[in-house]
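Chemist: Protein chains in written order, with the numbering used here: chain X, 42 to 244; chain W, 2 to 524.
Hints in this document: simulated from the structure, not taken from any laboratory.
If you're wondering where the values come from, they're calculated on a predicted model, not measured in any experiment.
Note that CB positions come from ideal geometry on N, CA and C, so glycine has one too.
The reader is advised that the hints may include incorrect statements.
[Stated by the list, open to error] Which chain X residues face chain W? A few, computed with CB under 8 Å, are given here: (1) Val-65; (2) Asp-82; (3) Val-100; (4) Tyr-122.
Letter by letter, the chains look like this.
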Amino acid sequence: MPLAGRRLVRLHLTSRRVPVALAVLVACGVALRIALHWPWDSYGALQLPLVFEAGSAAVIVITTASPFGEPERATGRWLPYLRLGTAVVLTAVAAAVLAAAGTGAHLTGGTLDAARNVAGLTGLGLLCAAALGGALAWTGPMVYLVVGWYALYAEWHGPALTTPWVWPARPPHDLGGALCAGLVFAAGIAVITVRGARDPAGE
Amino acid sequence: MTAATGVPTAARPLRAVRAPRPIPGRLLRLELRRNAMLWMAPVAIALFWYHTYRQCMAQPPMWNLRAMTMQHGVLLDFVPPVVGAAAWMGWRDSRRRMTDLVAATAKPRLAAQLVTWAATTIWAMVAYLGCVGVLYAVIAQKATWGGPLWWPVAVGAAGIPAMSAVGFAAGSFFPSRFTTPLVTVGTLFALGFSSQGAHNASSPWQISPQLAFPADVGPDPGMGTFYHYLPDLSIAQLMLLAGLAVAALSVLGLSADSGGRWLRRSAAALTVVGLVAAVTAVDLTGTGRTDPHGMVIIPALHDAANDRPIRYQPVCSRTAIPVCLNPAYAAYLPAVMAALAPVLSEVTGLPGGPARISQTAPIYSQGPGIGIGISVRSPSLGGSPADGGNRQVSLILPGQLPGQQGTSSSQFAAEVRSIAPAIVDLVITGAPVGQDRIPGGSAAQQAVAAALLKDAGLQLAGPVRPGQIIRMPNNAVPGPTPGTPIYAAAQRFAALSAAVRHAWLVTHLAALRAGQISLAQVP
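Could you put together the complete structure from these sequences and hints?
Modeler: Written as structure tokens, this is what we have:
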């Protein structure tokens, strides 16, 4: 990659606070690993990974907030690719970190579950970023965390929520849940690549 | 030049000048109009409907069950909107690059921050009280007895300012785009998993605002039904939440730009007070225990006046042997009657038989180590023939009602029917026995009892040794071993028609109780 390209990527990542986001993602993984040290009861064990997955997704989507606003959109043609790459790479890193945190410990749902949930939550957050702005993109993953939290509780105590759109309550190998999460992720990635996060008004 | 002598003019009355509106009031009005919580309130309401409201509606229509379930879920629903909005408002000045500008205002910075926090909390409280008001209005339409429990509402109401204070303080001290989601997730984790560490009523984790009941019992219909709902745990939770709110808000006053020296010292003192209150609440909770009525007693906070039973007029069936329940369980009287009808038809009209079956309060006891046991009072035959036949059998209903945590009607009926052996033994032997029936009495008594239970629709499993715990299928009770003379006599007696059996019992019951009937004499 030419020097100018590398510099552009570095500046873009710095402007989005991606290094801080990476550090926070690693911290989430460490915190999850520490939490898995203790035994959790029934639905507590189901809900624990979801908390960290939602936190990771919220951190990822926060990085879509641009400090420059509209003037940045008038720059060259690389911005969509930068947005796409940032979102995809951070999502992959988050899934990998959480999977690594669960290695050797009893992570309910395993790697597949973590990857699906992180992808779906991130997609939701990206859609919120396009609608509300990058700084408010955390609302989607946080609200969905409560939705998934109750779905996991209902899975234990009944009546269970079986819709695949509440994918945290679906088994790890469930195709419907994976498809729904994947669709949301793809939609979020597409929207954030093309349009980016909504510029804040009057901030 | 002469001095002009002006004609004195009438003095114009001074226009009354309205006193300037107090600045905090004006500021509050502005903050209320511009607050992020105003936009998050619909989110909070939606989450409340999805989670807590539906969970409450899935519980039987009893005030205690639904109120305790409400406390269990409502704060979780409000964490993302309230903590998120508060943290968002907390770092507003930094986000808009106005920190230096607002630091130069006349009023202490802390005053303006408190107004912003207050506006956030006011909108959150409006949403909370609206949600709870609707929930309680719906419960009032469905509940058959009792009134609203206000202590769970108070705990939730105290949790709202505490959560907003924590979020606001985090946003103020760590003005970063990452603060809002991280403090929201952290608060949700702390609140949602705080109850996991509570294994019994003596655990300090029992202080979790999610818990309105002993952690290992769960919302039980017997709590707050026969005896008053104890506010001990709620008071400790209020102390904790108030202490956290005071400490979080006072911490804002510790920074150098918050105000003068006296303000910072006051803030430091209040921070200590808040932390001490919170720690004290946790310590007090650690001294708690489960009382015999299923509630948590904290000795330092307990008022003995709350230990008196609740007076009520029981709801009774119009049958030969009436079954009477607490009016809170009125909706389940038909199901209880249906479950007990077969066995009651066997003993109706027998001399010395029960005149009435009355529900009584269950007794809760804390087991050794973790865990709690719900021990039932033995069905006893109260009264004497001298009372004109006022002989009453006590009945404990199951702790899980139909619809509660997936309990089916058939499971409920089977649990109710488990008292049948005790009723039959009570009539046949005249001696009270435990609800877990241990076959006793003479051989003839055992055979007759087994026959009556078989005819009432119960399956006879093998014998159970005293102290032995086995899992039996629904509708099965301990009985004589197949192939034994007792078993054969029971089969023989059960094969008789109901009228013949009843006539024989009317004639021979006294002798049977006295042990004067041998196995061979059982028809």
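Chemist: So, X/Val-100 near chain W? Judge it on the closest CB pair being under 8 Å.
Modeler: Holds, because the Cβ-Cβ distance from X/Val-100 to chain W comes to roughly 6 Å (cut-off 8 Å).
Chemist: Let's test the interface hint: is any C-beta of chain W closer than 8 Å to that of X/Val-65?
Modeler: holds (6 Å)
Chemist: Close enough to count: is the Cβ of X/Tyr-122 nearer than 8 Å to one in chain W?
Modeler: This hint is violated: X/Tyr-122 lies away from chain W, its Cβ roughly 23 Å from the closest one there, beyond 8 Å.
Chemist: Can we keep the X/Asp-82 interface hint, with Cβ of chain W closer than 8 Å?
Modeler: At about 6 Å, which falls below the 8 Å cut-off, the nearest Cβ of chain W leaves the hint on X/Asp-82 intact, so it holds.
Hint compliance for this structure: hint 4 alone is broken.
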